[in-house]
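Colleague: Chains A and B, in that order, are what the protein sequence lines are.
Each residue of the first sequence is one higher than the one before, starting from 1 at the first, in this note's numbering.
Each residue of the second sequence is one higher than the one before, starting from 1 at the first, in this note's numbering.
Hints were generated in silico from the structure; no laboratory data involved.
Please read these numbers as outputs of a predicted model, since none were measured by experiment.
Mixed in with the good hints, there may be bad ones.
Since the list gives no way to pick one copy over another, a pair counts as held whenever it fits inside one copy or between any two copies.
[Claimed, not checked] Dumping the calculated SDA-like pairs for lysine to any residue here, alpha-carbon to alpha-carbon at most 25 Å:
#, residue 1, residue 2
1, LYS190, LEU310
2, LYS181, HIS25
3, LYS13, VAL51
4, LYS306, ALA237
5, LYS312, ARG184
6, LYS192, LEU310
7, LYS196, ASP232
8, LYS255, VAL51
9, LYS181, GLN274
10, LYS255, GLU230
11, LYS181, LYS312
12, LYS196, ARG206
13, LYS192, ALA237
14, LYS13, ARG206
15, LYS192, PRO238
16, LYS131, GLY93
17, LYS192, LEU202
18, LYS13, ALA163
19, LYS190, ILE243
20, LYS59, ASN210
21, LYS192, ASP209
22, LYS190, ASP211
23, LYS46, LEU202
24, LYS46, ASP65
25, LYS277, ASP27
There are 2 protein chains.
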Amino acid sequence: MRIDVNECASLLKEHNNILILTHAHPDGDTLGSGYALCRALYKLGKICSVVNADEIPAKYGYMYDDIVPIEFKPDFVVAVDVATDNLLGELQGRYHINLCIDHHSTNTEYADNLLIEDVPAASQIIFKVIKALDVEIDSRLADCLYTGLTTDTGCFRYSSTTADTYRAAAELIDLGADNGKINRIMFETKTKTYAKLERAALDSMRFYDNDRVCIITITQQMYRDTGTTEQDTEPIAPLTRGIEGVEIGITVKEKADGTCKASIRTFESVNAAQLAKAFGGGGHMQAAACRIDCNIEEAVKRLVEKSGELLK
Amino acid sequence: MRIDVNECASLLKEHNNILILTHAHPDGDTLGSGYALCRALYKLGKICSVVNADEIPAKYGYMYDDIVPIEFKPDFVVAVDVATDNLLGELQGRYHINLCIDHHSTNTEYADNLLIEDVPAASQIIFKVIKALDVEIDSRLADCLYTGLTTDTGCFRYSSTTADTYRAAAELIDLGADNGKINRIMFETKTKTYAKLERAALDSMRFYDNDRVCIITITQQMYRDTGTTEQDTEPIAPLTRGIEGVEIGITVKEKADGTCKASIRTFESVNAAQLAKAFGGGGHMQAAACRIDCNIEEAVKRLVEKSGELLK
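Just need the whole structure built from these sequences, with the hints factored in.
Modeller: Pasting the structure below:
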């Protein structure tokens with residue numbers, strides 16, 4: 001059932017033991033949404049916890065390093081920023097999901113209650129829910145929400161960023177969000193191992209269809225050579241779209257089992273979700289993803305072919 | 001004389017032939033400020049023009065490509081985003097400057113009237129002046145102001161960015177600023193040749209002093225191999241500072257005569273200008289430059305040595 005922000009706040013108020021699920025390979029928006037909501041629910045005296053299928057990259061530590069995780073039997077389970085239940089990774093199927101708060105138009109409506117809005121970051125919806133919960137927003141909570149906004153908009157750079165996103169950011173800075181620190185952590189500082197991976201990724205960059213398609217390939221060997229894991233690849237995808245003239249940028253990542261995952265980035269001229277959908281994936285207009293059950297060469301071939309069709 | 005926003009608007013209203021000066025090597029903020037003000041003055045029926053000492057990079061064309069420059073005898077001259085009059089380049093000394101609108105705390109107060117505010121972009125002050133002029137802000141004018149805000153804040157990333165900057169951006173998007181397009185032009189798109197140079201630069205990256213010093217070297221051969229020139233190296237320097245743990249990042253560029261130029265970037269812990277000064281150069285706390293009259297290997301050796309002394 002679709003619900004609005006106030007109905008969502010009422011539902012949360014009615015329950016006392018609330019478990020929050022984020023998507024696997026957690027990013028700034030799912031974690032920012034999860035920990036912001038968790039902090040708000042604490043203020044209402046609820047028992048609450050945020051869980052992920054995968055390890056959280058250390059750089060996000062400032063969002064939760066003062067929170068002690070507890071074990072409890074949840075009476076209400078909320079998924080935040082999770083478009084489909086298989087994005088829960090290993091947590092898929094483990095819980096009955098009572099509420100989903102999400103900003104993906106491709107949401108598969110797997111939860112009892114759905115608060116879905118077409119905004120650039122799930123944190124922007126969570127901000128409204130927290131206001132409706134009527135709790136005081138402190139600087140740490142503001143940090144979480146700001147992190148979601150800035151990471152899902154590429155530091156307010158993507159065209160999906162609206163005036164409301166900027167207004168939300170302004171409010172959060174007024175409430176104490178440390179925008180300078182957060183943006184430096186998220187966008188300015190690379191680890192040495194990541195820098196090595198990025199260099200290898202740039203070396204793999206190839207162009208197709210009169211340079212309108214750009215593909216980066218990341219192999220398991222590259223992870224071994226550079227001391228990185230798939231977790232480190234998040235900032236790679238936007239690089240494919242950053243070359244003049246490129247309309248479709250794709251990062252193809254080899255998985256341990258030899259099959260592939262593709263992250264697709266486009267500009268307005270091409271619908272990234274449409275391309276992903278051709279391979280059973282999904283996402284947004286300008287950022288989408290899919291799995292492809294074949295090796296990396298074959299995956300590139302299929303993606304180039306489908307991209308060519310879309311560009312016609 | 002220091003004046004406020006309303007006094008500034010009154011002064012502009014009193015005059016009819018207004019010349020606007022931007023600084024030499026014009027950037028997004030000085031041009032955004034200049035063309036926004038020019039467009040606002042047009043709406044009041046003024047004769048107006050924006051002039052620069054240097055050529056304007058083509059990417060800024062959307063701010064002025066519908067404006068036909070005219071020749072006239074100005075009765076009022078305004079400098080925007082110009083901290084000292086020698087930053088006017090070849091235009092220095094050519095005009096008596098009646099008004100300066102600027103955001104640099106180092107402003108030398110060279111104009112009759114001064115509207116100086118400590119905000120991250122001059123365009124943020126110009127926005128207030130235009131509101132005080134009470135003209136309608138159309139989407140092209142909004143584009144100019146947004147360009148100033150986003151370029152001088154590194155796309156709202158730097159810690160100097162305030163809640164008011166975000167609020168101004170929100171208002172400008174409401175007024176029609178094409179934030180997605182502008183940020184793509186300013187921050188996302190690299191030419192293929194620049195991307196090649198960047199890759200070669202990253203390959204040259206070396207670390208010293210327990211990884212606290214990072215040096216990139218750019219040779220004349222690299223320009224030849226990638227089809228680039230020294231003009232293309234501007235975005236390289238910040239890359240040295242972007243690796244975790246690095247306190248001093250240096251880009252050493254070989255000149256055609258075999259001697260070198262060094263661009264230094266630091267974080268708060270080290271004064272970049274102090275390091276540059278040891279080689280007869282200068283600059284700011286976190287960005288400075290110097291020339292070194294020797295070959296690239298020797299220059300790196302000397303810079304590493306001096307850096308080590310500063311880090312002690």
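Colleague: Against the structure shown, which of the earlier numbered hints fail to hold, in ascending order?
Modeller: 14, 16, 18 and 23
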